[in-house]
Amino acid sequence: MNHLIYLYGTDWGMGQFPICSVWMILFTPLVAAALITLLTGRQKGLSAALSIGAILISFALSLRLFLLFALKGIQHHPHPIQWLVVGNTVRINFGMTTDALALLMLLVVTGVGSAIHIYSLGYMKGDPGFSRFFACMSLFTFSMLGIVISSNFIQIFIFWELVGVSSYLLIGYWFERPSAADAGNKAFLTTRIGDVGMMLGILLLWSHAHTFEFTELKAKLPTLGLPVGTLALIGALIFAGAVGKSAQVPLHVWLPDAMEGPTPVSALIHAATMVAAGVYMLCRISWLILPSQTALWLIAWIGAITALMAATIAIAQNDIKRILAYSTLSQLGYMVMAVGLGGPTQAMFHLTTHAFFKALLFLGAGSVIIALHHEQDIWKMGGLWKKTPITFWTFLIGTLALAGVPPLSGFYSKDEILLLAIERNPMLFVMAVATAFLTAYYMGREVFVVFFGKPRDYHAYDHAQESPWVMTLPLIFLAALSIVAGWYSKVPDFLGPPHEAQRHSSLLTGGLILVPLFGFLVAAKIYWKAEPSDAPVKVALGNLWTLVENKYYFDELYHWIIQYVQGTIAIVCDVFDRWILQRLGIGGLSVGTGLLGRTVRLLQTGSISGYAFLIGLGVTVIIYYAVVR
Amino acid sequence: MTQSSIPLLSLITFMPLVAAALILLLPKTSEREIKLIALGASMISLLTTLCVWSRFDPNAGLAFEERWSWIPTLNVDYRLGVDGLSVTMVLLTAIVTPLALLAHWKQDRNVKLFFILFLLLQTGMFGVFTALNFFHWFIFWELGLIPMYFLIKIWGAEDRTYASFKFFVYTLAGSVGILLAFSFIYLATNSLDFLDLRQKAASGELGVAISRLVASIHERTGFHVSASCFGSLLFWGTFLGFAIKVPIWPFHTWLPDAHTQAPTGGSMLLAAVLLKMGVYGFLRIILPIFPDQVHAHVHVLLFLALASIVFGAFAALAQTDFKRLVAYSSVNHMGYAMLGIFATVASAPNVADIANEKSAALNGAMLQMFNHGISSAALFFLVGVIYERTHTRKLEEYGGLRKNMPIYAGILGISMFSSLGLPGLNGFVGEFLVFKGAFPIVTLITSLATIGLVITAVFLLGMMQKVCFGPLNTKWAGLPDMTGREIFIGAVLMFFMFWIGIYPGPMINASNTAVRQLVDLFQTMTVAKF
Numbered sequence: 001m002n003h004l005i006y007l008y009g010t011d012w013g014m015g016q017f018p019i020c021s022v023w024m025i026l027f028t029p030l031v032a033a034a035l036i037t038l039l040t041g042r043q044k045g046l047s048a049a050l051s052i053g054a055i056l057i058s059f060a061l062s063l064r065l066f067l068l069f070a071l072k073g074i075q076h077h078p079h080p081i082q083w084l085v086v087g088n089t090v091r092i093n094f095g096m097t098t099d100a101l102a103l104l105m106l107l108v109v110t111g112v113g114s115a116i117h118i119y120s121l122g123y124m125k126g127d128p129g130f131s132r133f134f135a136c137m138s139l140f141t142f143s144m145l146g147i148v149i150s151s152n153f154i155q156i157f158i159f160w161e162l163v164g165v166s167s168y169l170l171i172g173y174w175f176e177r178p179s180a181a182d183a184g185n186k187a188f189l190t191t192r193i194g195d196v197g198m199m200l201g202i203l204l205l206w207s208h209a210h211t212f213e214f215t216e217l218k219a220k221l222p223t224l225g226l227p228v229g230t231l232a233l234i235g236a237l238i239f240a241g242a243v244g245k246s247a248q249v250p251l252h253v254w255l256p257d258a259m260e261g262p263t264p265v266s267a268l269i270h271a272a273t274m275v276a277a278g279v280y281m282l283c284r285i286s287w288l289i290l291p292s293q294t295a296l297w298l299i300a301w302i303g304a305i306t307a308l309m310a311a312t313i314a315i316a317q318n319d320i321k322r323i324l325a326y327s328t329l330s331q332l333g334y335m336v337m338a339v340g341l342g343g344p345t346q347a348m349f350h351l352t353t354h355a356f357f358k359a360l361l362f363l364g365a366g367s368v369i370i371a372l373h374h375e376q377d378i379w380k381m382g383g384l385w386k387k388t389p390i391t392f393w394t395f396l397i398g399t400l401a402l403a404g405v406p407p408l409s410g411f412y413s414k415d416e417i418l419l420l421a422i423e424r425n426p427m428l429f430v431m432a433v434a435t436a437f438l439t440a441y442y443m444g445r446e447v448f449v450v451f452f453g454k455p456r457d458y459h460a461y462d463h464a465q466e467s468p469w470v471m472t473l474p475l476i477f478l479a480a481l482s483i484v485a486g487w488y489s490k491v492p493d494f495l496g497p498p499h500e501a502q503r504h505s506s507l508l509t510g511g512l513i514l515v516p517l518f519g520f521l522v523a524a525k526i527y528w529k530a531e532p533s534d535a536p537v538k539v540a541l542g543n544l545w546t547l548v549e550n551k552y553y554f555d556e557l558y559h560w561i562i563q564y565v566q567g568t569i570a571i572v573c574d575v576f577d578r579w580i581l582q583r584l585g586i587g588g589l590s591v592g593t594g595l596l597g598r599t600v601r602l603l604q605t606g607s608i609s610g611y612a613f614l615i616g617l618g619v620t621v622i623i624y625y626a627v628v629r
Numbered sequence: 001m002t003q004s005s006i007p008l009l010s011l012i013t014f015m016p017l018v019a020a021a022l023i024l025l026l027p028k029t030s031e032r033e034i035k036l037i038a039l040g041a042s043m044i045s046l047l048t049t050l051c052v053w054s055r056f057d058p059n060a061g062l063a064f065e066e067r068w069s070w071i072p073t074l075n076v077d078y079r080l081g082v083d084g085l086s087v088t089m090v091l092l093t094a095i096v097t098p099l100a101l102l103a104h105w106k107q108d109r110n111v112k113l114f115f116i117l118f119l120l121l122q123t124g125m126f127g128v129f130t131a132l133n134f135f136h137w138f139i140f141w142e143l144g145l146i147p148m149y150f151l152i153k154i155w156g157a158e159d160r161t162y163a164s165f166k167f168f169v170y171t172l173a174g175s176v177g178i179l180l181a182f183s184f185i186y187l188a189t190n191s192l193d194f195l196d197l198r199q200k201a202a203s204g205e206l207g208v209a210i211s212r213l214v215a216s217i218h219e220r221t222g223f224h225v226s227a228s229c230f231g232s233l234l235f236w237g238t239f240l241g242f243a244i245k246v247p248i249w250p251f252h253t254w255l256p257d258a259h260t261q262a263p264t265g266g267s268m269l270l271a272a273v274l275l276k277m278g279v280y281g282f283l284r285i286i287l288p289i290f291p292d293q294v295h296a297h298v299h300v301l302l303f304l305a306l307a308s309i310v311f312g313a314f315a316a317l318a319q320t321d322f323k324r325l326v327a328y329s330s331v332n333h334m335g336y337a338m339l340g341i342f343a344t345v346a347s348a349p350n351v352a353d354i355a356n357e358k359s360a361a362l363n364g365a366m367l368q369m370f371n372h373g374i375s376s377a378a379l380f381f382l383v384g385v386i387y388e389r390t391h392t393r394k395l396e397e398y399g400g401l402r403k404n405m406p407i408y409a410g411i412l413g414i415s416m417f418s419s420l421g422l423p424g425l426n427g428f429v430g431e432f433l434v435f436k437g438a439f440p441i442v443t444l445i446t447s448l449a450t451i452g453l454v455i456t457a458v459f460l461l462g463m464m465q466k467v468c469f470g471p472l473n474t475k476w477a478g479l480p481d482m483t484g485r486e487i488f489i490g491a492v493l494m495f496f497m498f499w500i501g502i503y504p505g506p507m508i509n510a511s512n513t514a515v516r517q518l519v520d521l522f523q524t525m526t527v528a529k530f
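Line order of the protein sequences matches chains A and B.
For the first sequence, the residue numbers in our numbering are 1 to 629.
For the second sequence, the residue numbers in our numbering are 1 to 530.
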């Protein structure tokens with residue numbers, strides 16, 4: 001640490017952050033990405049070292065800032081850099097926020113990111129695009145950290161789009177697979193729809209408040225006296241950005257497909273950090289949405305619907321990563337619902353614990369996938385717990401944490417949200433509890449089918465072996481975090497003023513503990529067998545099974561819209577151009593010539609301009625004859 | 001206004017013409033010398049432009065002015081100068097032309113004529129952006145048309161005759177509109193000087209003069225038309241000329257054909273610079289000289305800008321030809337610039353601080369012009385690179401090219417993202433400023449225009465996927481990646497994409513003052529003057 005302090009300069013004694021080191025957190029990964037792209041692309045080891053080194057530096061610096069703030073209460077506001085000045089007063093800054101919210105998120109992103117970067121060393125070993133992978137990961141880290149520290153709407157929007165690009169590049173990493181390229185496009189375009197809404201929301205807010213800065217807006221908003229409808233519209237439009245990025249209904253369709261990317265990408269971007277950016281942004285601007293009941297209502301319901309719907313879809317999926325992807329959707333729904341219920345701190349708490357255990361689960365799934373030589377179908381796995389013990393035990397910890405079994409972290413954070421729900425909206429509470437039950441059920445199914453029972457593919461099973469230490473070490477690290485992250489129950493307090501003591505009815509808490517256990521029991525009843533199968537559930541659910549297996553036909557609907565609505569408009573525009581305008585253009589010219597003749601007669605002394613015109617015409621004729629002849 | 005000691009602008013403008021004359025003297029066979037002279041001349045213009053750029057003081061108004069009496073009896077001066085409206089365009093021309101020449105370094109058919117035409121074109125383009133008197137401005141304007149016609153006609157692809165004819169007829173029709181309008185304006189005011197006319201328009205003198213002209217026409221021919229109607233006719237005549245050039249929907253149908261058939265360098269210049277001549281016409285001529293008419297018809301104009309954005313994007317979506325797709329993206333992108341310009345004209349009484357919103361929109365439009373010049377030049381160049389290797393422009397015939405052409409795929413990817421307005425690259429800044437400025441003024445139209453943002457992404461990503469991703473089409477397994485010369489051209493353009501994307505300050509500063517003055521024109525405007 002000492003030489004780092006020396007390098008980056010510090011004024012600890014002055015009770016301030018070393019400003020330069022705050023910027024270093026952000027820019028070190030960018031430098032790594034640029035260096036890999038431009039210089040070290042050929043040397044794979046060096047590229048990986050640069051990328052991993054960069055995120056470790058960011059992690060160390062973030063940790064220091066976090067501890068300084070948490071222990072000593074030292075906070076510094078670096079002076080913003082003026083990026084753009086337009087007209088006389090429009091100024092767009094590039095600033096840096098280092099409040100509790102940002103520090104917590106910085107720590108989550110760089111901490112989980114570091115583990116995943118190291119894990120990638122093992123997972124991506126031997127891939128021809130190894131360096132490109134690490135360059136993109138560093139680019140992503142830079143963009144994500146940019147979102148976290150943004151101090152105004154334009155800045156957050158810029159980095160918002162940049163994480164979108166990193167995600168696009170990494171989902172389509174294996175670009176030769178048409179499915180990967182498709183998934184990359186789908187992710188970028190679906191989120192862009194939300195982003196356009198977000199941009200309109202930002203502009204609408206600007207046209208009333210005339211500033212983009214969070215701190216100014218926060219202070220100014222109550223004084224503006226905005227009509228309720230406008231406030232709700234602004235909230236809803238900006239929320240659209242979060243709907244896209246955090247994959248909420250109806251823009252959720254891209255996230256499951258995003259699993260086409262390498263597994264570390266799924267863990268980092270599509271589970272722990274980027275998809276949580278929407279929730280983070282909502283927490284960052286909670287002062288904007290909290291005053292609007294309509295916006296809150298919308299956010300809460302979208303979140304709850306997403307949570308429940310994704311959980312039901314997850315029970316019928318067969319791809320080890322897709323089950324986790326739907327689980328991510330579902331948990332993001334929880335967080336969004338928490339924001340909508342007026343509890344951004346609860347949402348952030350769950351975001352933090354979720355980042356740990358979901359990253360853990362994805363990395364565990366990746367370890368299984370590698371052990372079985374890129375097999376992702378859970379029905380071709382089975383009995384793996386003896387073969388890959390570390391993966392199994394850590395995966396189990398992640399599963400229990402996700403399901404909300406005490407005393408693992410997920411229990412505490414989920415509990416907070418459920419208690420909030422029962423206080424504010426019983427209907428949403430019922431949906432959330434149903435989701436919690438389903439979560440335990442589908443995770444139980446995944447664990448039982450993948451790790452227990454008889455192996456279904458003996459060839460793969462015989463060759464399966466535990467992953468190397470670069471992969472298991474991050475698993476253990478994340479498993480430890482998944483266990484303890486909830487114990488420090490001060491996390492919500494850290495973020496804001498302590499919320500009023502909730503009426504912790506022991507009966508309710510006890511009931512909530514039973515929900516996941518019940519879910520596991522049901523799953524065990526069906527799948528805890530030598531040769532488990534979905535058949536009994538299929539029979540029991542009938543058409544409902546078909547519905548959830550086909551993900552409520554969202555993809556089919558959107559495909560239809562794209563093909564028939566968007567496609568038709570495109571063809572109409574093209575045909576209109578080619579035929580109708582063409583004809584009108586040529587026809588119009590002949591009519592125009594007639595009119596022209598009459599008009600020119602009005603020009604009784606127009607010789608000068610006519611002269612210029614004749615020059616043009618004359619030169620043309622001369623060149624034409626000289627050339628074509 | 002500063003009078004420059006060395007006529008820098010004349011040097012920039014006529015250097016290519018001098019080189020063209022030099023080349024004329026050379027025998028057809030000395031191709032290498034011809035290319036070197038052409039490149040050298042455009043490099044001199046570039047260096048001189050950089051000198052002008054570095055010494056340009058955006059707050060000083062008109063700079064590097066040259067003014068000599070030319071035809072005193074007709075009150076015509078030879079007058080050149082640059083201000084915030086034109087300096088970035090001169091810079092753009094100076095940057096893109098040598099790159100377009102370099103793109104044709106391997107040209108082997110009829111080299112002499114090809115490079116002469118290119119140099120003539122360059123003089124025309126520089127002239128349009130530096131001339132301040134309609135008389136020679138119009139000669140330069142036509143000079144932008146004729147060489148391009150021959151470039152398409154002689155070196156074009158399979159349908160070149162049709163495309164070149166269409167290009168010629170459309171643009172000439174537009175020129176006639178401009179010419180007629182200015183003939184009447186000259187008759188009315190005895191002036192062809194843009195700045196003089198701007199002043200006359202602002203003071204109301206122009207309106208009075210037009211009324212007098214209408215009266216005298218009525219006297220002499222018995223043809224009756226009201227002064228305001230006549231003013232509108234003049235406006236629409238000029239509008240037609242520039243709208244075709246931009247092109248604004250529905251005057252754009254010449255563009256996909258011309259672009260698709262033109263040789264690579266021709267497409268680069270056509271998209272990067274020639275289209276900007278149209279937008280520049282709006283800024284230099286229509287807005288200052290016809291402020292009342294633009295203001296009166298602004299709703300129609302805004303609709304046309306919206307149509308360009310939305311229909312242009314959708315039409316691009318339907319294309320299967322790589323080059324045609326890029327061409328349609330130009331219609332869409334120019335639509336954003338037009339939206340910014342027309343939003344400046346619109347009045348919105350309830351908007352607080354409207355002058356700043358308008359400045360943002362107009363600065364955005366200016367920047368969008370420069371940005372589109374860079375990104376469209378890059379895209380057309382890249383189409384040319386791949387066409388040279390595969391001799392096809394059909395998107396479905398490519399596939400997986402990233403496998404053996406990673407550098408090509410990288411440069412195409414960055415250019416594509418620049419074109420779709422990704423933050424960090426140039427396109428975003430311009431588009432964002434347009435949206436930011438236009439939104440409070442014309443909220444509905446701006447909101448609808450965001451459809452274009454989504455569709456642009458759809459067709460650009462689709463293009464990228466069809467060209468570079470998926471399994472490699474075995475037919476192209478042996479294709480070599482870009483050569484050093486080609487990478488150099490891409491690198492220069494990418495430099496500007498990143499520079500403006502990250503640090504747009506200097507570009508905005510250059511135009512800001514001129515933009516403010518133009519905006520003020522519509523701030524003080526009260527009632528229609530004629």
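Treat the hints with care, as some may be off.
[Said to hold, decoys possible] Quick partial rundown of chain A residues pointing at chain B, CB under 8 Å, derived from the structure:
hint, residue
1, Val86
2, Phe94
3, Tyr173
4, Asn185
5, Asp534
6, Val537
7, Val539
8, Ile571
[Unchecked claim] List time: in silico DSS-like cross-link candidates among lysine-lysine, alpha-carbon distance up to 25 Å:
hint, chain 1, residue 1, chain 2, residue 2
9, A, Lys44, B, Lys403
10, B, Lys394, A, Lys125
11, A, Lys44, A, Lys125
Calculated from the structure, these hints are not laboratory results.
Don't be surprised by glycine CBs; every beta carbon is placed ideally from N, CA and C.
Hint-by-hint comparison with the structure:
no.: 1; hint: Val86; verdict: holds (5 Å)
no.: 2; hint: Phe94; verdict: violated (10 Å)
no.: 3; hint: Tyr173; verdict: violated (11 Å)
no.: 4; hint: Asn185; verdict: holds (5 Å)
no.: 5; hint: Asp534; verdict: violated (33 Å)
no.: 6; hint: Val537; verdict: violated (37 Å)
no.: 7; hint: Val539; verdict: violated (40 Å)
no.: 8; hint: Ile571; verdict: holds (5 Å)
no.: 9; hint: A:Lys44 - B:Lys403; verdict: holds (18 Å)
no.: 10; hint: B:Lys394 - A:Lys125; verdict: violated (37 Å)
no.: 11; hint: A:Lys44 - A:Lys125; verdict: holds (10 Å)
Of the hints listed earlier, those the structure fails to meet are numbers 2, 3, 5, 6, 7 and 10, in rising order.
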